[in-house]
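Let's have the full structure, built from the sequences with the hints guiding it.
Each chain, letter by letter, is given below.
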Amino acid sequence: MIAQIPILIVVIPLLFSVLCPLIGLWRKGLCYSWAILALSLCAVASIDTLFAVMGGGTIHYRLGGWAPPFGIEYVIDHLNAMMLVIVSLISLIVAIYSRRSVEQELPEKIVYFYTVFLLQVTGFLGIVITGDLFNLYVFLEIGSLAGYALIAIGEDGAPLATFRYIVMGTIGACFYLLGVGYIYISTGSLNMADVQQILPQLYHSKVILTAVAFLLAGIAIKMALFPVHVWLPDAYTKAPSAVSALIAPLMTKISLYVMIRVLFTVFQPHLSIELLPITDIMVWAGVIAILGGAVMALAQTDFKRMLCYVVVAEVGYIVGGVGLANTVAMKGAILHILNDAVMTVGLFTVAGIVTYKTKSHNLSDFEDLFRKMPFTMAAFVVVALSIIGVPPTCGFFSKWYLIQGALIAKHWAFLAALLFSSLVSVILFFRIFEIGYVFRASNGTQTHGDEHTAIINEAPLSMLIPTIAIAIAMILIGLYNQAIVSNIIAFAIPKL
Amino acid sequence: MFEFIVSHYNYWMYIALMMVGFYAMMAKRNLVKKIIGMNIFQSAIILFYISTSVKRGATVPILEHAHEGHGAVAHAAHAVDVMQYANPLPHVLMLTAIVVMVATLGVALAVAIMIYKRYHTLEEDEIMMSIRRG
Chain H
1 MIAQIPILIV
11 VIPLLFSVLC
21 PLIGLWRKGL
31 CYSWAILALS
41 LCAVASIDTL
51 FAVMGGGTIH
61 YRLGGWAPPF
71 GIEYVIDHLN
81 AMMLVIVSLI
91 SLIVAIYSRR
101 SVEQELPEKI
111 VYFYTVFLLQ
121 VTGFLGIVIT
131 GDLFNLYVFL
141 EIGSLAGYAL
151 IAIGEDGAPL
161 ATFRYIVMGT
171 IGACFYLLGV
181 GYIYISTGSL
191 NMADVQQILP
201 QLYHSKVILT
211 AVAFLLAGIA
221 IKMALFPVHV
231 WLPDAYTKAP
241 SAVSALIAPL
251 MTKISLYVMI
261 RVLFTVFQPH
271 LSIELLPITD
281 IMVWAGVIAI
291 LGGAVMALAQ
301 TDFKRMLCYV
311 VVAEVGYIVG
321 GVGLANTVAM
331 KGAILHILND
341 AVMTVGLFTV
351 AGIVTYKTKS
361 HNLSDFEDLF
371 RKMPFTMAAF
381 VVVALSIIGV
391 PPTCGFFSKW
401 YLIQGALIAK
411 HWAFLAALLF
421 SSLVSVILFF
431 RIFEIGYVFR
441 ASNGTQTHGD
451 EHTAIINEAP
461 LSMLIPTIAI
471 AIAMILIGLY
481 NQAIVSNIIA
491 FAIPKL
Chain A
1001 MFEFIVSHYN
1011 YWMYIALMMV
1021 GFYAMMAKRN
1031 LVKKIIGMNI
1041 FQSAIILFYI
1051 STSVKRGATV
1061 PILEHAHEGH
1071 GAVAHAAHAV
1081 DVMQYANPLP
1091 HVLMLTAIVV
1101 MVATLGVALA
1111 VAIMIYKRYH
1121 TLEEDEIMMS
1131 IRRG
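Chains as they are written, first to last, in our numbering: chain H, 1 to 496; chain A, 1001 to 1134.
Derived from the structure by calculation, the hints contain no laboratory data. Worth double-checking, as some hints may not be accurate.
Cross-link-like lysine to aspartate or glutamate pairs, in silico, EDC-like; alpha carbons within 16 Å at most [claimed, not checked]: (1) K357(H) / E434(H); (2) K359(H) / E458(H); (3) K359(H) / E103(H); (4) K372(H) / E434(H); (5) K1117(A) / E434(H); (6) K1117(A) / E458(H).
Which stretches of chain H does chain A cover? Using the computed rule of at least three CB atoms under 8 Å from a CB of chain A, they are [claimed, not checked]: (7) 143-149; (8) 157-164.
Everything numeric in this text was worked out from a predicted model, so none of it was measured. Virtual Cβ for every residue (Gly too), placed ideally from N, Cα, C.
Okay, structure coming up:
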């Protein structure tokens, strides 16, 4: 049983997802607990795997007992063990959070919501855990298809946004598939470790160059790197609150993980850094993404849409950090994958609470919220400070590593972009704080006396507790970042 | 040069099909035409994969009479000559990819139906106009 844990991480949500409609036939309300049960088991299995990897090194799991180059192999090293824990814990938190929001926004579709929700998590976990290039494509599509379905049931305009996402996402996935095809015809293998052994003799072949180009272009579309990010803001703005809280932090981070895998496991750093100028291009792509995301975020009047552009900018941080290609920047980039996943889920859970209370998510809806929802707004302030990069929240530390990395690489443009985007974040979030302190005059003039106790209109506990837990996690990750970096991330970075 | 193009005509077809599909996805304003373009795009990739597995004069990768005869003699007689058989792996991969593509097509059509129910049209320009009008 213990030896089978790697496969259970993927099989549990898949099986629970298939059984969810049957549970729904019997008792509709049980689906919520069913999803929580599945994701708790997943989280326990992931955390167990992480400790196993920290204790005993990389885990290899052979599906059906077939030896690696022929059978599919699951390989779990420090990097994907960390990603597994991130994915399973964040999806568990979002599942707990989702109850009231789904009851309000999608009362007819609760059963199917949790079915597809679990399927989506299956896709994410599968992408992270697999050590096989084609298996990764299949899970990428499982995750994306579930994502399309979840986004399409959102508010008005969601179907059109989803349609555009389907078109873009399919192009991305097909490019990835083509890249895998080129690797297959030149090496005859689909296993990442096997391909890594065979490829170095072929690095000067044009087929490999084509493969690199197709793979990176496909992954860039999936992760919403700046020029090809156009599908992201519409889709994530119009999606139901619980869905944005699940997909916005995870889909982009998992695509970034795939990028790191392809660049440094499938290909060796020798190709990515020395033979081709891939990393140089990536730093500049990161700079453009940071600047573009920050400027576009300033122009928004819709809160969720603004957050989407913040996500676009954060993708730029990580792409640029990986592109700097030195150990410090790489530590920063991988730590930022963790931090940004936590920060983004924090932002979108707050957005979900605001949507739940005010039925829309414009910036003007924040009026008076500091008095009405003090706890939610306290959590929001912590998240915002972390995005800006104020110690001791986690955002500061990954940014610090990235800035050090930029100094070592002497890449001033990336450094400038980082500082510029931090300043823009200050403006973005303090603007919202200011709106939050605007008290509606009518409340003040008409009622006096005990209005302070009467006016508090806090979010339901099932939404509030996960949000506050995320805010606390953010401070804890910040305080213990040294332990995380030296015990997990130091082993996760590729050998440059 | 001409020889090269003719002898690799299946790869040229795959590139041509892919570009046709890509053009339809980007330039057509009708959502169903975009979906058709998406399908052509995906089929081109299937053609590419299948092309890579083809060998001239090869047959399906099934061992004939593998269970006749006994012992070492039979084994020597049935030692597999790779050149005689088409590579089965790309076919298997494409069977999986076809399943994925059918699912994508299904989701895309379902979303198109949702859009049609809401806006009563599948022309992107008209949908944008009716969104702008509110």
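Hint by hint, here is what the structure shows:
1. K357(H) / E434(H): 19 Å, violated
2. K359(H) / E458(H): 15 Å, holds
3. K359(H) / E103(H): 13 Å, holds
4. K372(H) / E434(H): 15 Å, holds
5. K1117(A) / E434(H): Violated, because 41 Å separates the two Cα atoms, which is more than 16 Å.
6. K1117(A) / E458(H): Distance of about 37 Å is beyond 16 Å: violated.
7. 143-149: holds (count 3)
8. 157-164: holds (count 5)
Comparing the model with each earlier hint shows violations of hints 1, 5, 6; every other hint is respected.
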